[in-house]
Amino acid sequence: MSDESANQGIPDPEGHSEVIETDYEIGQDNVEGTFGPFGFDVHNPVFLISGLTIVAFVFYALALPEQAGAFFGWLRPALTSTFDWFFLLAANFFVLFCLFLIVSPWGSIKIGGAEAVPDYGYPGWFAMLFAAGMGIGLMFFGVLEPVYHMAISEPLGVPSPIAEDGSIIEANVDAARRAGLAATIYHWGLHPWAIYAVVALALALFTYNKGLPLTIRSAFYPILGERVWGWWGHVIDILAVFATLFGLATSLGFGAQQANAGLEHVFGIPNNVTVQIVLITVITAVALGSVLRGLDGGVKLLSEINMIVAALLLFFVFFAAGPGGIMSYFVEGLSTYARDIFSLSNPIAREDLGYMQGWTAFYWAWWISWSPFVGMFIARVSRGRSVREFVVCVLIIPSLVCVLWMAVFGGAAIEQVLSDPAASAVKAQVIDSYNPPMSLFAMLEGLPLASITSVIAIVLVIVFFVTSSDSGSLVIDTITAGGKIDAPVPQRVFWCTFEGAVAIVLLIGGGLGALQAMVISTGLPFTIVLLLLCWAIVKGLMAEKNPG
Amino acid sequence: MFKRIMAPVDLAHLDKLERALNVVADEAKRHGASVAYVSVTAATPGPLGHNPEEFRARLEEFAAEQARKHDIKADAHMIVSHDPTTDIDDALMQAVSDTKADLVVMASHKPGLAEYFWPSNGGKISAHSSASVFVVRDN
Numbered sequence: 001m002s003d004e005s006a007n008q009g010i011p012d013p014e015g016h017s018e019v020i021e022t023d024y025e026i027g028q029d030n031v032e033g034t035f036g037p038f039g040f041d042v043h044n045p046v047f048l049i050s051g052l053t054i055v056a057f058v059f060y061a062l063a064l065p066e067q068a069g070a071f072f073g074w075l076r077p078a079l080t081s082t083f084d085w086f087f088l089l090a091a092n093f094f095v096l097f098c099l100f101l102i103v104s105p106w107g108s109i110k111i112g113g114a115e116a117v118p119d120y121g122y123p124g125w126f127a128m129l130f131a132a133g134m135g136i137g138l139m140f141f142g143v144l145e146p147v148y149h150m151a152i153s154e155p156l157g158v159p160s161p162i163a164e165d166g167s168i169i170e171a172n173v174d175a176a177r178r179a180g181l182a183a184t185i186y187h188w189g190l191h192p193w194a195i196y197a198v199v200a201l202a203l204a205l206f207t208y209n210k211g212l213p214l215t216i217r218s219a220f221y222p223i224l225g226e227r228v229w230g231w232w233g234h235v236i237d238i239l240a241v242f243a244t245l246f247g248l249a250t251s252l253g254f255g256a257q258q259a260n261a262g263l264e265h266v267f268g269i270p271n272n273v274t275v276q277i278v279l280i281t282v283i284t285a286v287a288l289g290s291v292l293r294g295l296d297g298g299v300k301l302l303s304e305i306n307m308i309v310a311a312l313l314l315f316f317v318f319f320a321a322g323p324g325g326i327m328s329y330f331v332e333g334l335s336t337y338a339r340d341i342f343s344l345s346n347p348i349a350r351e352d353l354g355y356m357q358g359w360t361a362f363y364w365a366w367w368i369s370w371s372p373f374v375g376m377f378i379a380r381v382s383r384g385r386s387v388r389e390f391v392v393c394v395l396i397i398p399s400l401v402c403v404l405w406m407a408v409f410g411g412a413a414i415e416q417v418l419s420d421p422a423a424s425a426v427k428a429q430v431i432d433s434y435n436p437p438m439s440l441f442a443m444l445e446g447l448p449l450a451s452i453t454s455v456i457a458i459v460l461v462i463v464f465f466v467t468s469s470d471s472g473s474l475v476i477d478t479i480t481a482g483g484k485i486d487a488p489v490p491q492r493v494f495w496c497t498f499e500g501a502v503a504i505v506l507l508i509g510g511g512l513g514a515l516q517a518m519v520i521s522t523g524l525p526f527t528i529v530l531l532l533l534c535w536a537i538v539k540g541l542m543a544e545k546n547p548g
Numbered sequence: 001m002f003k004r005i006m007a008p009v010d011l012a013h014l015d016k017l018e019r020a021l022n023v024v025a026d027e028a029k030r031h032g033a034s035v036a037y038v039s040v041t042a043a044t045p046g047p048l049g050h051n052p053e054e055f056r057a058r059l060e061e062f063a064a065e066q067a068r069k070h071d072i073k074a075d076a077h078m079i080v081s082h083d084p085t086t087d088i089d090d091a092l093m094q095a096v097s098d099t100k101a102d103l104v105v106m107a108s109h110k111p112g113l114a115e116y117f118w119p120s121n122g123g124k125i126s127a128h129s130s131a132s133v134f135v136v137r138d139n
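So the protein lines, in turn, are chains G and V.
Residue 1 is where the first sequence starts when you use the numbering used here, and the numbers rise one by one after that.
Residue 1 is where the second sequence starts when you use the numbering used here, and the numbers rise one by one after that.
Calculated from the structure, these hints are not laboratory results.
Please note: incorrect hints may appear among the correct ones.
To be verified - Dumping the calculated EDC-like pairs for lysine to aspartate or glutamate here, alpha-carbon to alpha-carbon at most 20 Å: (1) Lys16(V) x Asp26(V); (2) Lys100(V) x Asp138(V); (3) Lys73(V) x Asp138(V); (4) Lys16(V) x Asp23(G); (5) Lys16(V) x Glu32(G); (6) Lys29(V) x Glu65(V).
Since this is a predicted model, take the numbers as computed values, not measurements.
Starting from the given sequences, assemble the full structure and let the hints guide the process.
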């Protein structure tokens, strides 16, 4: 006999699902032991090779900064302009694939078995999806992109309403305003979330329904078979660790620079490397506290706090900028997005190459390079949802929230630029000179209580980084422990600290830009990987009998 | 003196538990107490099972085997946790009340430097639980 208590709201698991029979035992390649007083339990060789490769690349960027900068500075735009069609078509395919899953009969299959009940309620789940998935980008691009696309990039050839001399061309205003918003929403709407949904669904399915370890290689089982436990799988996992750690470390480095720009603007704190190192240390320390408190006590809690503060800022801007005007931006943005999504996502015979290659293809590569990390984190917290519910909640709802966010922040900023161009700080920071980190603060300056909201914005930037950093550390720890999520605590401390250390070293030595370009370059091979994952998902779902 | 003994076990490291398991059996026989073998797992697949159901089957088998071997009354109590590494202490505290145990017998390694940063599970339970706690050190 047995009785079972559901710890922290996890009900009785299970019901029917099709476990894949394999001879592989989870943890069979792991090495357990102690290092000084600290225990460890790591996958051999994924842990060691990932760690050493990361160190090697940091040395390369430090020792040969110019070569590294030149090479990756060339590689990234070369890839996004040569393979722009491939990125665009692949992303379209992911959206269609996800929409198909919603209406397909497989939609009723449950992640975790027919009777599985969700591990997390909606608020906590959404908070974690968002904080890991987009987070900081919304802060950074919420003002920048709508204004930039409206005034400069001319998506789909819609002409700018700002004349050379800075005056407003009234005839262009209406169309440009809509186009700017729609072109931004396109980058933050269905396409990125479809990319995340594909990776997350594949991992959730092969972990919770098929019984394979929670690590990237498991999703390749239908394609590679037992080879997935050998070097094929090692390489996949190492690549994922590599992209995740460098992605986190380089954006942490840049994020510290942005937060520093904000601090200089609000408090006059000097903008230099020392302040930025302090910022990285603080962010890493808070993230460390979060991973030590675990998924529920740390990561989830912090994500929720993060969402509440972000929502407060959103409401403030909404009301301060005039709810009526913002609502019409929301409606216009959404309707123009719905109308233009087909032409924006068509890679053939486009004339707005600056927008399509410089922004769209870049974004797609960027989202895809982040997808192993975000996908794996979403997979871990999504047990108990049906496939249909999962796709609706990971694709449609976050997209709508992003539309709202862009309409509020972008709408408020566009309004400021158009109503009084000469006095607009946004125009000065985005259009006249291109100063992205300042764009959000410039918009807040045009609203009441700027001194308070700017401080909230800085705090939010920092907390968004913490929520990426802590969930990223958990993901890397799990991958390098061969899919075991109960590896000793010092291991997650190691990865969290390592990430901060890499960021600091790159900040001091230079090389942030080069290595970030390198991470984004991994988007190309990962795109092929994601296409294969769609096939793996179909195979996995077909094998799943669904009595309900 | 004791009616119900809770014995937290890590099925992946049974070799380190031998002394503690013997103490559990001795105490159970001496007091005529029943034993709840408690173990924490994640919902993700692990070395001990593809899902919590398989894990529970293993734990039940283990409890039955202990009951046979030592001629005691025993059952299994599984706890599913989102993040076992950090939640284990709270989960075990909860299990003390769920199993209505009045004695906890658990193995613990010798304290060392690491205990200054992360107290051992035994230490945490004995500090906060209302049940009596018997911490069995390894050799």
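Hint check results:
no., hint, result
1, Lys16(V) x Asp26(V), "holds, 18 Å"
2, Lys100(V) x Asp138(V), "violated, 26 Å"
3, Lys73(V) x Asp138(V), "violated, 25 Å"
4, Lys16(V) x Asp23(G), "violated, 26 Å"
5, Lys16(V) x Glu32(G), "holds, 14 Å"
6, Lys29(V) x Glu65(V), "holds, 16 Å"
Taken one by one, the earlier hints fail for this structure at numbers 2, 3, 4, listed in ascending order.
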